[in-house]
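So the protein sequences, as listed, match chains A and B. All residue numbers for the first sequence refer to the working numbering, where the first residue is 180 and numbers rise by one. All residue numbers for the second sequence refer to the working numbering, where the first residue is 180 and numbers rise by one.
Quick caveat, the hints were computed from the structure, so don't treat them as lab data. Be aware that a few hints might be false.
[As the list claims (entries may be wrong)] Sample of chain A residues facing chain B (criterion: CB under 8 Å; computed from the structure):
1. Ala460
2. Tyr464
3. Glu489
4. Phe505
5. Leu507
6. Ala707
[Stated by the list, open to error] Rough simulated footprint, nothing fancy, chain A against chain B, three-plus residues with beta-carbon under 8 Å:
7. 303–316
8. 461–468
9. 485–496
10. 521–530
11. 788–794
A quick note: this is a predicted structure, and the numbers were derived from the prediction, not measured. All residues carry an ideal CB built from backbone N, CA and C; glycine is no exception.
2 protein chains.
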Amino acid sequence: MAEDGDQRALQYEQTLMYGRYTQDLGVYAKEEAARLRESGQRRAVSERSWTFDRLEYEKGRCAKCRRSGYPYVLEVPARDFISVCTVRCQKFLISRVGEDWIFLILLGLLMALVSWAVDFCIVICLQAQKWMYGGLDSNVFLQYLAWVTYPVVLITFSAGFTQVLAPQAVGSGIPEMKTILRGVVLKEYLTFKTFVAKVVGLTCALGSGMPLGKEGPFVHIASLCAALLSKFMSMFGGIYENESRNIEMLAAACAVGVGCCFAAPIGGVLFSIEVTSTFFAVRNYWRGFFAATFSAFIFRVLAVWNRDEETITALFKTRFRLDFPFDLQELPAFAVIGIASGFGGALFVYLNRLIVQFIRKQKAINRFLMKKRLLYPALVTLFISTLTFPPGFGQFMAGKLTQKESLVTLLDNRTWAKQGIAEEFDHIGNSQAWKHPQVNVFVTLVLFIVMKFWMSALATTIPVPCGAFMPVFVIGAAFGRLVGESMAAWFPDGINTDGTIYPIVPGGYAVVGAAALSGAVTHTVSTAVIVFELTGQISHILPVMIAVILANAVAQSLQPSLYDSIIRIKKLPYLPELGWGHHEKYNIRVEDIMVRDVRYITLNCCYRDLHNVLLSGNLKTLALVESAESMILLGSIERAQLQSLLSQQLGRTRRLEYIRERTAAEKKRMSVVSNADSEDGSRRAIQEVRFQISTEESSFSPARPVSQKPLKPALKRPPMVERATELPSSQHDHSGIALKNLFCASPDVEGLETNNNVESPVSPEYRRPSKRVRISVLDDGDVEDDMTLREIAEWEEKQLDEQVNFNNCKIDPAPFQLVERTSLHKTHTIFSLLGLDHAYVTSIGRLIGVVSLKELRKAIEGSVTVKGVKVRPPLASFRDSGTSSSESEATELHKLWDRHKSMSLPREHTPSESDELSQ
Amino acid sequence: MAEDGDQRALQYEQTLMYGRYTQDLGVYAKEEAARLRESGQRRAVSERSWTFDRLEYEKGRCAKCRRSGYPYVLEVPARDFISVCTVRCQKFLISRVGEDWIFLILLGLLMALVSWAVDFCIVICLQAQKWMYGGLDSNVFLQYLAWVTYPVVLITFSAGFTQVLAPQAVGSGIPEMKTILRGVVLKEYLTFKTFVAKVVGLTCALGSGMPLGKEGPFVHIASLCAALLSKFMSMFGGIYENESRNIEMLAAACAVGVGCCFAAPIGGVLFSIEVTSTFFAVRNYWRGFFAATFSAFIFRVLAVWNRDEETITALFKTRFRLDFPFDLQELPAFAVIGIASGFGGALFVYLNRLIVQFIRKQKAINRFLMKKRLLYPALVTLFISTLTFPPGFGQFMAGKLTQKESLVTLLDNRTWAKQGIAEEFDHIGNSQAWKHPQVNVFVTLVLFIVMKFWMSALATTIPVPCGAFMPVFVIGAAFGRLVGESMAAWFPDGINTDGTIYPIVPGGYAVVGAAALSGAVTHTVSTAVIVFELTGQISHILPVMIAVILANAVAQSLQPSLYDSIIRIKKLPYLPELGWGHHEKYNIRVEDIMVRDVRYITLNCCYRDLHNVLLSGNLKTLALVESAESMILLGSIERAQLQSLLSQQLGRTRRLEYIRERTAAEKKRMSVVSNADSEDGSRRAIQEVRFQISTEESSFSPARPVSQKPLKPALKRPPMVERATELPSSQHDHSGIALKNLFCASPDVEGLETNNNVESPVSPEYRRPSKRVRISVLDDGDVEDDMTLREIAEWEEKQLDEQVNFNNCKIDPAPFQLVERTSLHKTHTIFSLLGLDHAYVTSIGRLIGVVSLKELRKAIEGSVTVKGVKVRPPLASFRDSGTSSSESEATELHKLWDRHKSMSLPREHTPSESDELSQ
C-alpha cells in the first residue's frame, strides 16, 4: 500500500512536469499507476530509482543520496543495487558538470583557443600576402596583381562561404546579440552552422588585410559557443534546460567574446554590458569576470607557450614614462581630441548608414548586386586594396602596414616629428612606413586618417563576418598621434614651467584618441578600460576618461551608436533610450500614448468571435476579459493559441469524429431504438467540459510517452505562429473553409518572432495539440470523409456558434499591467527592465488600453526628433523576468469558466483545495 | 472668449498637477476660472505669463519661447513686457541649471573639495601627533601619554559630536545607502545635520590614526551632498522633484564618493554598483562616470595646485618594471594569496560581527556602555594606541607609520629581504620602520598583519563615522608583501629559466594581496580596478584578477559581505541573494512559499470589517478584492489609508457635524413641519458619492492655494503611518473609542518604513484628508460637543455598520502579481528588480495568496543554511519602477464602486469618455 502511494506520487510528479490540465488528471494518474503496477515489480523499481536519482541529482550531495537511497535498495536484488549505485555516481559526476563555473571555464578555454587560432591563421594569411608581394618586387604590375588578388580572393571566398553556409553569420553580431538578450528569438542565429561560417568567414576576411575588426564577430562567436556548449551539456545535466539561465550565460559569453579578443577581461565585461544591456544584474557580473579572465589568461598563455611572448603582458604594450605622464596644461588638447572624436564617431556612423542606404535605394545597383552577390565584396576589396598598394598611393598612408602593425607604431613612445621633420626613424622597422621622403609625417597621418575613415565605413558594409571596432580604434589612434605630434612640434621641450624638461609623449595622445573615437562610435565609456588593458598602462587615465566622456556626449547627441544604427538598418525590434535629462519624459503619461481600442476576447465568447477577432487584427497576443461589460482583465492569450483552438474546432479530426459519430448513430438508429443523440452529441461533450478532457487524454494515451523525454533547451524556440500555420497544410485541402480564410489573413511571419510575454515560453505540453491533430489524422484514416463542401460549410457554421473551450489553451494569467498615470519614464524603465513587448493598461482590474513597444517608441522618438537629441536605443538585456509563470495555469481558469458555463454545478473547488493537491 | 478657454486650461492643468478626483472637478475649475476672471485682468495676465514661462521652461528653448510669447505680450503694457522678459530669461538660465550634467559637475566639485579638505585636515592632525610625539622624545612616559591621549581625545570627540548632532552618521554608510537605493526610506539619513556630523566626525576619527577608512563614509557623504544639492536646486528648477531622478542621482553620488576618495573614477563607479545595486541601469552608467571622473580630476588637481604633486598621477604610484612584470610560474603564488585572502576576508567579517554581538549579548557591559557612551570608544582607542606605541610593542609592527605611509612602503618596488635579511633600507625613510634590529622583517610583517587584523575589526565597531575598506586594504597589502618577500627569498634570482634575470617584485604581490583581501571583505571584483587606479599600473592585471576572483569565490561561500553583515546586524530590510548556480531554485515555486491566508477587504465591506481587519493583523498593505466570493483582485490599499478612513468616519468632525445636523433638525422640527431627514442624512450623503466629493472640495476652497506651491523633493518622504497616527492626537481624547482601540493595536512603527509599492509615493493630494480634518476641527469649534460616552459609543456602532466609502482613499490599482507556478528564481529577480516588498499571487484575476520579502527570505535562507553556502544578500537598487502610477486612480474605482452600490444609476461613464476628458 505504501508502494501504491509511491506510485501515485511518481505519476503525479510526472504529470506536474508537463503542467496540469485539471484535477481529473489525478484520476488518470491513479489509473496509470494501476496499469504500471500490473506491468511488473521490476520495471517499477527501476523507474522509481530513476526518479530518486533525479531527485538526488537535484540535491547534488553524494552522502545524503546514499543514505536516503537505502530503504529502497534493500528491496531490490544486488545487481540492481550495483547498477543503481553506478547510475547514482554517474549522476553525481554529471551534476558537478552542470555547475556554472565548469561551464564558464569550458567556455573561456574554448574561446581562448578559437581566438588564438583565428589570430594565428590571420597572421599566416597576412604573412603570405607580404611574402608574395615581397617576392615579386622585380615587377610592379605583378606586385600589384599579387597585392590586389589575394584580398579579393579571400573576401570573395569569405562572402561566398558565409552566404552558402549561414547568412546569419554576416556582420558584427553585437546588434543581433543585443536583440537576443532583449528576449527576441532570432532564427538560426545560434547554430553550429553559423559558428563554422562565422569563424571561417572571419578568419578569411581579416586575413585579407581589409580594415575590419574581430571584436563584434567574437561576441557572436562566444555566444554561439555558449549556446552550443549549453546544448551539449544539457545531455548530462538538467539545468541547461532553463531559459533564464541561458540568457545569463549568453550575457557572460558576450563578455568572454570581448575579453579574449583583446585580452581585456575588465574592459570586455564592461563593454559587453554597455553594448548589449539596458539593465544589468550585478548577480551575473562575476560570471562575466570569471569567464573573461580565464579566457584572457589562456589566450595570453598560449602566446607565451608559442614563444611569441616572454611572459603574460598586454597585447599592445606601451612604454610611456611613469613619473610625469602628462602635464596639466596638456588637458585642453586631450579635450579637443575628445570633442573631435565625438564628431568623427557620429560621422562614421552616419557614413556607414549612408552607404548602406544608398546601395539599397539605387534599385538598379541593388538588383544587379542581388544577382551577383559576390561582386560587391570583390569590387569593394579591389578598390580599397588598389588604394593601399604600397608603391602606389599606399606610400602616402603607410599602406603596407597591417592593422596591428600600424597600431603598434602609432602607440610608440618616441616622437616622430620633433621639429616637424622625422628624426629617429632609422632603427625602427615599421615606423619607417610613416616616413615618406618627400612628404611630411603630418600629411601621411592626415591622409591615413581620411582614407581609412571612409574605407572602414565602406568595408564594414561588405557581407562578411566583420566588426568595425578595431578599424575605428586605429583611426582614433592615428588622430591622437596627429594631435600629439603637433603638440610635440609646438612645444619641443614640453610645457612644464619648472626646471625639468618633460617632452610631450605623442603615443599618449594616440591612446587617448583611440579610446575616444571607438567610444564615440560605440557609445561606450568602457573603451577607456579596454585601452588600459590593451596597452598595459593606466597612467593616462584622466585624459582618456575626459576625452571618452566628451566624445560620448558629442556623439550621443548626434547619432545613434553604430550597433543601434545597424539594428535600425536591419529592422530588428528595439526600444529607444530616453534622452539625457529630458525631464519632460516625466510628464508624459501612459494615458497619453496608449491605444484605447483594445482587441479582446471574453471568457464566454463563441468561436465566431474568436474568428472575427483573429481576422480583424494581427496582434500577437489578445487580452482575455471576464465579459464585455465588466472588462476585468483575466489574462492574455497568444494568437497562435487561439488559431490552434480554432483549427482544432474546425479541423478535420473533429469533423471525421463527427462523421463517425453520425454514422454510428445512424447504424444504431437502424438496428435498435433511435435515441437520436447524434446531432447534439458533440454539443453535450463540450458542455461537460470536465469529462471531455479526460476522454481526450485517455484516447491519446499512446502518444503520452513522447512527452516524457526531458525538455529541450529552449534557447532556439521555434516561433509559435509558424507551427500554427503548419496545421492547415497537414490537413487536407478542403478541410476548413473558415480556417483557410483565417490563415490567409494571418500576419506575415518574418524570421524573427518577439516573445510577447517573456515568461510564457512555449512549454512542450502546448505543442501537443498540434501533434495530436496530426497523429489523429493518421489514426482516423479508416473513416471516410464523405462530406460535401456545402456540408462542411454548414458544419463549420454550426461549430463557430459554439462557446470557446479554453481548457487546452495556454493563458498567461498575469500579463503586465500599467495604470493610466504611469509616466513615460517609468513605462520605459519597466519595458526595458522586463523586456516587455506590450503591457495592458488597467484601472482597478478593468482593461482600458494597451501600450506596445510601437507606441512607446513613437512617444519617445516623436519627442526626440523634435528636439533633435539622443536617439540611442538600448534594448533590455533581461529576459529572465516578467509577470507570469512558464507553466499552465489552466485549472483556475477552468474553474472560473466552468462556473460561468454551468453555475448550477455543485462541485466548486476552493483555491486551497486545489493548491494542496498540487504540492 | 479665447481667454476664457485659456483660463479654463490653466485651471485644468493646475488640477491635473494634483491628480483628479472625479469629473466634477471640471465644474469646480470653471467656477474658479470665473472667480479669477473677475478678480482683475492684470492678475490674470501675470498668472498666465507665469504659466507660459513654466511651459517654456519645460521646453528649454529661448528662441521659441520668445516667439510664442509675442501675441500675449502685445496685450500688456511695456513694463510688463520687460518684467516678463526678465522672468523668462531668468527661467531659461534656471532651466539650464536643472540639467543633469550641471548637477553632476557641482556634485563632483563639491565632493572633491570635501575629500581634499578632509585629507588635508587628517594630514595636519597626524602631523600634529607626530610632532608632539617627536618633541617629547626625552621622556618615554610623556611620549606615551602624548601618543595615547591624542587619539583618545579625537575619537571621543568624534563619537560625542556624532552622537549629539546626528547618530545616523555613525558607521560606514554603505549598508544604509544600499537600503535606501532599494527604496526604503531611512529617517533623517540624508539631512544637513548628518552631513556636518559625518564630515567632522570622520575627519577627527581618521586624524586619530586609528585603523579606519574613509571610503564608506564618503559614499554616505556624497549621497548627503547629492540630496542636499538636489534640495537646494529644486528651488530653481522643476525636475528635482522627481523621485526616480533622485534615486538615479544617489546612485551617481555613490560612485562619486568612492571615486573622489581614491581618485579612482572607473573603480569607483564599479565598486559602488557592486556594493549598492542588484540591478543596474546602464542608462545611469554615464552619470557615475561623468561625476566620478570630474571629481577625481578636481581632487588630483587640488593636490597639484597645493604643490603636493608635480602633475596628476595616481594616489599610491608604483614603479614596477614594465617589461617583465611577473613570470608565469609565479601565478600559483598569486592564487594562494587569493585563496588565503578569501578565508581572511570571511574571518574579518565574522570577527567584526562577533565583537558587536558579544558586546550586545553581555547585558551588563551593554548597559554600562549605554550609560557612558563615550567610554567604549575611549577604551578601544586607548587599547589600540597603547599597542602601537612605537617604543613599546609598536616597534615590532611598524607602529609609527600612518596608514598611508605603511601602504606606500608596502607597495615599494624594492625587495626588503633578498636573503632573508633587509638590505637596502638605509636610504628610504619610512621603510626603515619595518626593519627591527633584532627581528626579521618577516616577523614584523606577520605581527603587523595579525595585530592590525583584529585591531581593524575592533576599531570599526567604534560608533564614529568610519569605514573598513582602507584598513583591510593595508592588511591585504602586508599579506601580499609577506608572500612576495618569501618568494623573493626563495628565488633570489627570479624564476625565469631563460638567460635574463628578472628578480621577483614583492610590491606586485602587495598589490595583489590588497585587491584580494578588500575584494573578499566587500565581495566585489572591482577592487582590482581600484588597485590599478590607485597604483597607476595595470601590469599585474592577470594576477590581480585571478586572486580577486578566487578570494571572492572563497569568501562568498563562507560569509556575507561586510556591508551585508552590517545590514543584518542593524536589522535593515534586505533580500538575500540566490546562490551561485543553485539550480534547485528554479524548481521551487511561489505556491510552495506563499501565504494562503491573505488579509483582504472587499469593495462593499462596512467599516466594521475594516476595523476588524486592521485589528487582526499588522500588514502594511491590504488587498482589495471585488467580493469574498469572486476574490478578484482590484488593488491594494495601505494600512494608513484605511486607518485614516476609519478615523474620518469615527472622527470628531463627523460627530460634530452629526450633532450640528441633529440640533438643526431639532430646531427645524421645533419651528416648522418635521421632515425627519436628520437621521439618514449622513447615509444619503454617502450613497450619493459623486456629489459628496464636490461639496467637500468646494467647502474647503480656502485651503486650496496651499497646494499650489511646487511639490517638495520627495527624497525624505515622511512615513505614512506616522501621519496616520498623528490623527487621533489632534482630536480630543474622548473622540473615538473604537478608534483608540485600533490605534493601540497598530503595529510598532520604527524609524524606517518600507515603500511597499514602489510607485505609490505619497503625493501631496493625499495629505489633504488629514489636513482637512484638522482644519475642520478648528472651524467647527463653535458647535458644542455635548454627547456622552455612551452616546458616542452608540453613534460609533452605527457608523461602523455603514459601507466604506473608498472615494478619498488612495488605492494602488495594479499591485504586483505573481502566479502559483512562478519559480523562486524569477520571484527573486522580480522582487529585486522592482524593489518590491510583497506581491500578490493571483490566478486568473483571483487572489489566492501573498508573498512578502519575509517568505522569500525564509525560502532562500532556509535552503541556503541547509547547504551552508552563499548568503550574500544584495538589495535592489532600483526603486524607479513598479507596477502602478504615483497618482490617483480613484475615478475608475469609484465608478465600479458606484456601480456596485447603486446599480440603477443611469450615468455610467465609459472609460474612453473619462479618459478623453483628462487629456
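So, going through the hints one by one against the coordinates:
Of the supplied interface hints, the one on A:Ala460 holds, with its beta-carbon coming within about 5 Å of a beta-carbon of chain B, less than 8 Å. With a least beta-carbon distance of about 7 Å to chain B, the hint placing A:Tyr464 at the interface is held under the 8 Å criterion. Interface restraint check: A:Glu489 against chain B, minimum CB-CB distance 6 Å, threshold 8 Å, status holds. Hint status for A:Phe505: holds, given a least beta-carbon distance of 7 Å to chain B, under 8 Å.
For A:Leu507, the shortest C-beta to C-beta distance to chain B is roughly 6 Å, which falls under 8 Å, so the interface hint holds. The closest approach between the C-beta of A:Ala707 and any C-beta of chain B is roughly 7 Å, which is under the 8 Å cut-off, so the hint is satisfied. Counting residues of the stretch 303–316 of chain B whose CB lies closer than 8 Å to any CB of chain A gives 0, so the stated coverage by that chain is violated, three being the minimum. Check result for the stretch 461–468 of chain B against chain A: holds, 5 residues qualifying (beta carbon to beta carbon below 8 Å, three or more required).
Figure legend: the stretch 485–496 of chain B, annotated as covered by chain A; annotation consistent (6 residues with Cβ-Cβ distances under 8 Å, at least 3 required). Counting residues of the stretch 521–530 of chain B whose CB falls under 8 Å from any CB of chain A gives 0; the rule of at least 3 is not met. Coverage of a stretch by a chain is defined here by at least three residues with a beta carbon nearer than 8 Å to that chain's beta carbons; for the stretch 788–794 of chain B and chain A the count is 0, and the condition is violated.
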